[in-house]
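Trainee: The residues making up each chain are set out below.
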Amino acid sequence: MILFVLKRVALTGLMLFGLVCITFTVSNVAPSDPAALAAGPDATRDMVETIRREYGLDRPLPEQFVRYLGGLLQGDLGRSIVTTRPVTQDLARYFPATLELVLLSMTLGVLVGVPMGMVSAVLKNRAPDHATRFVAVSLVALPAFWFGILLQLLFSVQLEWLPTSGRLEVATPPPPPLTGMLLFDSLASGQWATFGDALSHAVLPALVLSFPCLASILRVNRAEMIEVLGSDYVTAARAHGISRLRVVCVLALRNAMLPTLAIIGLRWGWMLGSTVLVETVFDWPGIGLYAVSSAIAGDFKPVMGVTLLIGLNFMIANLIVDILYGVLDPRLRTAP
Amino acid sequence: MTHFTIGRRSAIAAGVGAAGLLAADPARAFERDGNRKIMVFAGGQPVPVLDPHVRYDWSTRMIQQSVYDALAKYVNDPPQIVPWLAERWETNADQTVWTFHLVGNAKFHNGDPLDAEAVRYSFERGLRLNKGVAWMLKDVLAPEAIQALDVRTVRFTLTRPMPSFLTFIPLWFIVNPKQVQANVANNDWGEAWLTTNAAGSGPFRLRRFEPQSIIHLDAVADYWKGWPQGEQRRLSGFIYRIVREPAARRALLQRGEADMITEIPADDFEQLKTARGIRPADHRGMTTFAITMNTTKGPTADINVRKAIAHAFDYDALIQIHNGAATLMTSPFPEAIPGHVQVPGMPRRDLDRARQFLAQSRFASGGFELEYVHVQGLEDPRRIGLTLLNSLQPLNIRVNIVAQPWPTMVSRGSRAETAPDMVSVYVTPVSTDPDVIAGKYHTRAHGNFWGMHHLTDQQVNAWVDAARVETDEAKRNQLYADIQRRVVDLQPEVFGMLANRRWLMRDHVRGFAYCPLRLTGEIDVHPMWIDAA
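Sequence order for the protein chains is A and B. Under my numbering, the final residue of the first sequence carries the number 340; numbering is consecutive throughout. Under my numbering, the final residue of the second sequence carries the number 543; numbering is consecutive throughout.
No lab work stands behind these hints: they were computed from the structure. Please note that a few of the clues may not be correct.
[As the list claims (entries may be wrong)] Stretches of chain A that chain B covers, calculated by requiring three or more beta carbons in the stretch to come under 8 Å of a beta carbon on chain B:
| id | segment |
| --- | --- |
| 1 | 28-37 |
| 2 | 45-54 |
| 3 | 86-97 |
| 4 | 110-123 |
| 5 | 279-291 |
| 6 | 298-308 |
Beta carbons are placed, not taken as given, at the ideal position from N, Cα and C, and that holds for glycine.
Isolated chain A, as found in the complex (with noise of 0.2 Å):
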């Protein structure tokens, strides 16, 4: 099992160094001069050349790399030549309001879409089926940034049910930082004024965030119970007397999740990816949001930043979606 883990994170190290050299290579063939832009549409050529120098943009490309790597091994992600500040500040500030956005869609994503897979599997071919397919299949295909819009216009405008954007009322101070998820430390702070407040902000962005993970839990979750529901072991269970609810809660559902699992590893990755949209629309500052007005800026660090981390986000749930399939089917802990 160790060996099988070591692998795994090797192989993470590599895909990291091969993300590294892509995300640099596309930072730096994109035609744009980040000083020029950074000094501003007045400066002078030699105000131009001052910022060009600090942020080190005057050496060769090479000799970038190789800093930007001994950066990297010593956790420094380099300065955004927009906000001023390091990298990795930027992203402390801004990581935890994307990962309170996505903890919260992709738990609503399987506590919904679990059970909807399983509930569909059962009843398949029946009206329950048919309707939690086509709802499947419409989630997948809404575009979040439409979709999005229409949901602020008709909870937030229309309604006035839930708030347009944003984290928190403007006049509200937020809790005192703990880890920067307001829903978490608000909670930890006792201010349930404050997390009703950030719950009810979180809603819209969360429910479009999950959608598409959503839907995908439930399709493959659905797909993997119809075949474990027609294997023998099942047919086996029920001959002697098991209760059906058990046989589908227990016994099935743990063989149909390790797909499922695979999903949710993939689908980790891929809501971080998202939040570019969701972020934009609902103006949540996480780190799409960020990743976003650094882009407009032609401020590329931080875009480098923001890709690894996301990346290194995706690695890490492939991996302890790997080790969990090694738990939990000690065949592929053999596997070549």
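Got chain A sorted already, so can you dock chain B onto it with the hints?
Mentor: Okay, now just chain B, sitting in the frame of chain A:
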């Protein structure tokens, strides 16, 4: 000058926008702080750096103007420079020595007195950092040439006459040297600290700074300059809320979550301006829109092709695109800039003349394609591109409309070899000095986004250089009149329009005073208040 940005327009929001009007009179109202009110303003542009000597754009300057003071301030329409930290000033005959006399009661937020040394330090800091505002004065002012003569008198000795010196003074904010020096790291002049902190003397102090989402300011109760609306009515605070999507900003205003919004699509403005509880502010702007043409390569290098394009373009469509809220340019200068003249023969749509010009060019029968580049995501320049496409069809000129990200467009335009044939450019002057506009057509402008025409004309260069140092106002204005006529004659651009500046506010918002010198969505918060129970 700065780039004029507007929020991305959402087609979806436009489609369903009318439905939102039903909720135009919200149950919610302004934010409160005890008996006082907090005004919430929503715009699409973040404020990543607060340091007044490092960065400025409309949203940044709005916050800087609220937190800091300068020796003088721009107010009114047409813009005037009025004393602020300086109660008066004088200059010598050739305008190389400027002496400012400070008010006696100004103080920083921490109680430190604001004296001449603070002014000297702030200007030295701006020049040494060589960022942000430095370009305005660095060629004529050395840090050593700034002297604090006594506690209330500061003197600037310039290396050459600079009639425009005073027009830049309102843009140099004064920081508290003690606070800054206490936070210097690695000889950075406190830059890292001032990025997210403030050391000012302005009407508001910084309470919360979330660069991507919220900037919350508290009013300074005993502000040294006082409150024009009276102590009873003054705001308790001001919140700038960064909301990127126009549809979301609109929703905030309709719900009453925001008291005022900016960067509003033309159609939204028309729909909301008469809605219950909402009031518009619609003023002639100073931001010029032009289609800049590459004068060095391709068909647009031929002046007759450029003139043909300028005479074929449908100018009325520019106004229609803005629902009437725009004015056609009568000169390369905005009308509010001193020295503006109405240039005779400004091109207007005249297809016969356009064909005559084309016949005189090397491309008499057309038959070529031109690339028109605009900033990705901006709807108005895209629609203007479609107008251009239609306008040039009768000349047998095809137009390839290309949307590119702003950094890519600027990078391409910085070199004559890669600059597009035609590109949409908005330019907002940062001061009333005509040089900031005239300089667009000087060879020095090559490399900047407003110099994407890459025009080189020795006559224009000479006149711009001469006008810069001319202290006789009549002679200076004559030079600028000559420059305007010459530039129109050279036709490096299709001179377009001045779009109106527009805001929407709840009808309890009072004290809004328009000054065209503010950048795009910027407002002056100091005189504003909320008039409601």
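Trainee: Test coverage of the segment 279-291 of chain A by chain B using CB-CB distances below 8 Å; three residues minimum.
Mentor: With 5 residues in contact (Cβ-Cβ under 8 Å with chain B), the coverage given for the segment 279-291 of chain A holds.
Trainee: Between the segment 298-308 of chain A and chain B, see if three or more residues pass the 8 Å beta-carbon test, and mark the coverage as holds or violated.
Mentor: holds (count 4)
Trainee: Test coverage of the segment 45-54 of chain A by chain B using CB-CB distances below 8 Å; three residues minimum.
Mentor: holds (count 8)
Trainee: Using C-beta distances, would you say chain B covers the segment 110-123 of chain A, given that this needs three or more residues below 8 Å?
Mentor: violated (count 0)
Trainee: Do three or more residues from the segment 86-97 of chain A put their C-beta atoms closer than 8 Å to C-beta atoms of chain B?
Mentor: As far as the segment 86-97 of chain A goes, the hint holds, because 4 residues have Cβ atoms under 8 Å from chain B.
Trainee: Does the segment 28-37 of chain A contain three or more residues whose Cβ lies closer than 8 Å to a Cβ of chain B?
Mentor: holds (count 4)
Going down the numbered hints, you'll see the structure goes against just number 4.
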